[in-house]
Amino acid sequence: MMENPTKFIVEPNKQEVFIIREFDYPREMVFKAHEDPELLVQWLGPDNRKVKIDYYDSRTGGSYRYLICNQAGKEVAAFNGVIHEVTFPERIMQTFEYEGLPERGHVTLDTILFEDLPGKRCKVTIHSVFRSLSDRDGMMQSGVETGVNEGYVKLEKLLALMGSIA
Amino acid sequence: MLETRRDIFQAIADPTRRAILTLIALQAMTPNAIAEHFDSSRQAVSKHIQILIECKLVDQELTGREIYYHLNPQKMKEVADWLEPFRELWEGRYRKLDKLLANLKNKK
Chain A
1 MMENPTKFIV EPNKQEVFII REFDYPREMV FKAHEDPELL VQWLGPDNRK
51 VKIDYYDSRT GGSYRYLICN QAGKEVAAFN GVIHEVTFPE RIMQTFEYEG
101 LPERGHVTLD TILFEDLPGK RCKVTIHSVF RSLSDRDGMM QSGVETGVNE
151 GYVKLEKLLA LMGSIA
Chain B
1 MLETRRDIFQ AIADPTRRAI LTLIALQAMT PNAIAEHFDS SRQAVSKHIQ
51 ILIECKLVDQ ELTGREIYYH LNPQKMKEVA DWLEPFRELW EGRYRKLDKL
101 LANLKNKK
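These protein sequences, in sequence, are chains A and B. Per my numbering, residue 1 is the first one in the first sequence, and the count goes up by one each step. Per my numbering, residue 1 is the first one in the second sequence, and the count goes up by one each step.
None of these hints come from the bench; they were simulated from the model. Glycine is no exception: its CB is placed at the ideal position from the N, C-alpha and C atoms. Incorrect hints may have been included.
Said to hold, decoys possible - As a list, the in silico EDC-like pairs of lysine to aspartate or glutamate whose alpha-carbon atoms are at most 20 Å apart:
| hint | chain 1 | residue 1 | chain 2 | residue 2 |
| --- | --- | --- | --- | --- |
| 1 | A | Lys14 | B | Glu84 |
| 2 | B | Lys77 | A | Glu28 |
| 3 | B | Lys107 | A | Glu38 |
| 4 | B | Lys105 | A | Glu28 |
Unchecked claim - Partial pick of chain A residues on the chain B-facing surface, computed with a CB cut under 8 Å:
| hint | residue |
| --- | --- |
| 5 | Glu3 |
| 6 | Phe8 |
| 7 | Val10 |
| 8 | Pro12 |
| 9 | Ala33 |
| 10 | Pro46 |
Said to hold, decoys possible - Covered stretches of chain B (chain A as the covering partner; in silico rule of three or more C-beta atoms under 8 Å from a C-beta of chain A):
| hint | stretch |
| --- | --- |
| 11 | 30 to 36 |
| 12 | 61 to 67 |
All chains should be modelled from the sequences, with the hints used to inform the complete structure.
Take a look at the structure:
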């Protein structure tokens, strides 16, 4: 079976990102995989990394915290947020914060929409709103969510490039 | 006036410039041919092209008496590369999610 493409909308000078993906499974099922921490840990982590739940209270008014660990079990990144709304099977709204930044306050508001498609398929749209443009661009480049530093190498390359153009 | 910094992200921030890039991605074009696609004045379009040239997203070539503008694919790739870590992360995640969903469906 062909893999469904993931669409990214990252427009210049906008503090938001859209990630859009269709699934060949019913919306209720895909929603569950986003809501149930036991299912979430099975796909949220990048390759070669393990997701460890610190706490995950998946309901309106709840909160979460999870760790990304390397294969030796060492924590390489941590994320937390509060859950604003869980409306089965159509919408989840929550905040998201990476704990590895030098200061707090760089939080996104994420809305995950689940839409029915014909043929027992569905479409998931993640809309992330960042507090600033530099927050967004930093997150895009950093690769922090993968818990590796490849992203920083790319960022350095980009900065060098921008320096040579300016 | 503030001096504007020229970088590729600033270059693609403008919708007219993005439209110009899309046009010349298909084929090299003369300034007149490009301007015909826009309602704005030739001078305005020409200014956009100049910015794209300064950012090295567009190259110019003299063929006969005409200047042709064409896309610099290497530079465009640098714009795309910028998103790579994020793209890889999500594509990897969703690949895993597909597998998980397949497993869940089979268990039923």
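Status of each hint after checking the structure:
1. A:Lys14 <-> B:Glu84: Judged against 20 Å, a Cα distance of about 18 Å means the pair holds.
2. B:Lys77 <-> A:Glu28: violated, 38 Å
3. B:Lys107 <-> A:Glu38: holds, 16 Å
4. B:Lys105 <-> A:Glu28: The hint holds at about 12 Å.
5. Glu3: holds, 7 Å
6. Phe8: Status holds, d = 6 Å.
7. Val10: Hint holds; Val10 (chain A) Cβ to chain B Cβ min 6 Å, cut 8 Å.
8. Pro12: holds, 4 Å
9. Ala33: holds, 6 Å
10. Pro46: Since the shortest Cβ distance to chain B is 6 Å, the answer is holds.
11. 30 to 36: The restraint on the stretch 30 to 36 of chain B is violated, since only 0 of its residues have a Cβ under 8 Å from chain A and three are required.
12. 61 to 67: violated (count 0)
The structure shown violates the earlier hints numbered 2, 11 and 12.
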